[in-house]
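Trainee: Given next are the chains, with one letter for each unit.
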Amino acid sequence: MPLLGRSEAGTPGADDAKVPDTVISVDGLGKTYGAGEAAKVAIERIDFDVSAGEFVSIVGPSGAGKTTLLKCLTGLLEPSTGRTLFEGREIEEPPARMAIVFQDYGRSLFPWMTVSRNVELPLLDKRIEKRERRERVREALEAVGLPGTEQQFPWQLSGGMQQRVALARALAYKPDCLVMDEPFASVDAQTRFELEDLVLELRHRFGITVVFVTHDIDEAVYLSDRIVVLTRSPAQVRAILDVDLSRPRDQVTTKGHHRFGELRTELFELVQTQRPPSPAADA
Amino acid sequence: MKRRTRILALELWLPLVVIAAWWTLSANSESLYFPPLETILERFRDTFLSSGAEEHLRPSLVNLALGYGIAAIAGVLGGVLIGMNRWASAALDPLVHFFRALPGPALLPFAIIAFGIGTAMKVWIIAFTALFPILLNAIDGVRGTDPTARAVARAYRLGRLRAIIAIVLPGASPQIMAGLRVGLQTAILMMVVSELVASTSGVGFFILQSQQQFEIANMWAGIVALGLLGCILNAAFGLVERRVLRWYIATHGEVVR
Numbered sequence: 010m011p012l013l014g015r016s017e018a019g020t021p022g023a024d025d026a027k028v029p030d031t032v033i034s035v036d037g038l039g040k041t042y043g044a045g046e047a048a049k050v051a052i053e054r055i056d057f058d059v060s061a062g063e064f065v066s067i068v069g070p071s072g073a074g075k076t077t078l079l080k081c082l083t084g085l086l087e088p089s090t091g092r093t094l095f096e097g098r099e100i101e102e103p104p105a106r107m108a109i110v111f112q113d114y115g116r117s118l119f120p121w122m123t124v125s126r127n128v129e130l131p132l133l134d135k136r137i138e139k140r141e142r143r144e145r146v147r148e149a150l151e152a153v154g155l156p157g158t159e160q161q162f163p164w165q166l167s168g169g170m171q172q173r174v175a176l177a178r179a180l181a182y183k184p185d186c187l188v189m190d191e192p193f194a195s196v197d198a199q200t201r202f203e204l205e206d207l208v209l210e211l212r213h214r215f216g217i218t219v220v221f222v223t224h225d226i227d228e229a230v231y232l233s234d235r236i237v238v239l240t241r242s243p244a245q246v247r248a249i250l251d252v253d254l255s256r257p258r259d260q261v262t263t264k265g266h267h268r269f270g271e272l273r274t275e276l277f278e279l280v281q282t283q284r285p286p287s288p289a290a291d292a
Numbered sequence: 014m015k016r017r018t019r020i021l022a023l024e025l026w027l028p029l030v031v032i033a034a035w036w037t038l039s040a041n042s043e044s045l046y047f048p049p050l051e052t053i054l055e056r057f058r059d060t061f062l063s064s065g066a067e068e069h070l071r072p073s074l075v076n077l078a079l080g081y082g083i084a085a086i087a088g089v090l091g092g093v094l095i096g097m098n099r100w101a102s103a104a105l106d107p108l109v110h111f112f113r114a115l116p117g118p119a120l121l122p123f124a125i126i127a128f129g130i131g132t133a134m135k136v137w138i139i140a141f142t143a144l145f146p147i148l149l150n151a152i153d154g155v156r157g158t159d160p161t162a163r164a165v166a167r168a169y170r171l172g173r174l175r176a177i178i179a180i181v182l183p184g185a186s187p188q189i190m191a192g193l194r195v196g197l198q199t200a201i202l203m204m205v206v207s208e209l210v211a212s213t214s215g216v217g218f219f220i221l222q223s224q225q226q227f228e229i230a231n232m233w234a235g236i237v238a239l240g241l242l243g244c245i246l247n248a249a250f251g252l253v254e255r256r257v258l259r260w261y262i263a264t265h266g267e268v269v270r
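Top to bottom, those sequences are chains A and B. To convert, count from 1 in the first sequence and add 9; that's our numbering. To convert, count from 1 in the second sequence and add 13; that's our numbering.
Calculated from the structure, these hints are not laboratory results. Please note: incorrect hints may appear among the correct ones.
Computed from the model, here is a short list of chain A residues facing chain B with C-beta under 10 Å [said to hold, decoys possible]: (1) Tyr42; (2) Gly43; (3) Pro103; (4) Phe111; (5) Asp113; (6) Leu118; (7) Pro120; (8) Met122; (9) Val252; (10) Arg256.
Glycine included, C-beta positions come from ideal geometry on N, C-alpha and C.
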């Protein structure tokens, strides 16, 4: 029995009846910063669900409020209206069975700790025996393709490898749901493709639900089962796109498929053709 | 290795020249104020490298260690408490800045009436004066904790104490170390000043007493002892700092000064 993940066969959630079919439920969520004259509405109203084992991307024009949405649905920020349910419960704090991978690995990994310590950190307060912790760290690092790096420091590794460490930290936490905030925005294209495939592989292997925020249209189509497209700020759901590409996917065949091109165009138009609302349009 | 030797040579040549010049120029000196360096070093050896160390050096070092130790612990703890609490910050900031700006020796008359002229007074004045640079830097460092680091701590549900020990303190350590360095200099200064004003022991007292008894060579020997002590403590601090901030030096190149 492997220590990581809940299912061995890669059938997400199938062997665990306790997990409800809907993992995340965003329900009338709105966020306004400040109050009175200076109030700025970041999110008007957003509703969508994420099912167990699903890979859902959130895409929108830059400044649309993607990060605000992510913070609200992870419990890092309190919404002004509405709520988010995680496995049937309203989120007030980041839930124990949710792991977050942040965009900036240079800040989310701690340079004063070894790789092993960084991965182990979230497990320290969880009443897990030292031996199991070590084993989880070792397995997680192996799963992300970094075996034997335990005693190195993050700054001794390349950017792509550091983001792998951040991913290992999330895996060792054994989440039902992985939330990623533009995780590959600051690595080069080649590394990015490798990391995309790694996320797909891990998600398949451990049956994790993934919510993935990105501004990259190709990435969203390549990875997702569904894509939530946001409007310009203040954000609302413009469309939810079903990605009917077969799995397993790979960088060459999937991206060469004509359906990939169609989805890509459709998504591009949904994201890029949004004009800022102008008074003339009302006349 | 070769480069390090060169740097060492570059650092050492001027002090060696100064010592050599002092030695030769003062060799046959009959001046009351500037006795021969040879005599000064003999007195230094007889006073501070023998049984005299126990009598003159030990009380000073004990006061310094106690005072600085208290200041370091209180400064870092206070820095965490104030730095993590916006209200405490706002309320205590002006007070901290006032005491930071107040020259320590100004408090000596008060310290003497409050604590007498014994160890307690000296430890108190050293601790109190060294506290503020440490506290101020620790507050700044803690307040500057990276928002992403905070988000990680919350996302992975770290306990409060764990977050402080594993994330907040190490993140603030470059600034804490900068504060501790300034605090150490302040502590050494107040150690000497407190012995010059009201004391019956210590290096400062030895210097003052030698001067009053026209034992000028002894006075110089005491000054040399203090200079060397300062150098040794600074070097020791540098070693600790390089070890504690290894990650910072590796990512930023140099330490905060």
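Trainee: All hints are to be evaluated individually against the structure, with a verdict given for each.
Mentor: Comparing the hints with the structure gives:
1. Contact between Tyr42(A) and chain B, as hinted, is not supported at the beta carbon level, the nearest pair being about 15 Å apart and thus beyond 10 Å.
2. A cut of 10 Å between beta carbons decides the hint on Gly43(A): the least distance to chain B is about 17 Å, and the hint is violated.
3. The interface hint given for Pro103(A) holds, since its Cβ lies 5 Å from the closest Cβ of chain B, which is under the 10 Å cut-off.
4. The criterion of a C-beta within 10 Å of any C-beta in chain B is met by Phe111(A), whose closest approach is roughly 6 Å, and the hint holds.
5. Contact between Asp113(A) and chain B, as hinted, is supported at the beta carbon level, the nearest pair being about 6 Å apart and thus within 10 Å.
6. Satisfaction of the interface hint for Leu118(A) is found here, the shortest Cβ-Cβ separation to chain B being roughly 9 Å, below the 10 Å cut-off.
7. Hint status for Pro120(A): holds, given a least beta-carbon distance of 4 Å to chain B, under 10 Å.
8. Taken as an interface hint, Met122(A) checks out: its beta carbon lies about 7 Å from the nearest beta carbon of chain B, inside 10 Å.
9. Because the smallest distance between the Cβ of Val252(A) and any Cβ of chain B comes to about 27 Å, over 10 Å, the interface hint for this residue is violated.
10. Hint status for Arg256(A): violated, given a least beta-carbon distance of 28 Å to chain B, over 10 Å.
Against the hints set out earlier in the document, violations occur for numbers 1, 2, 9 and 10.
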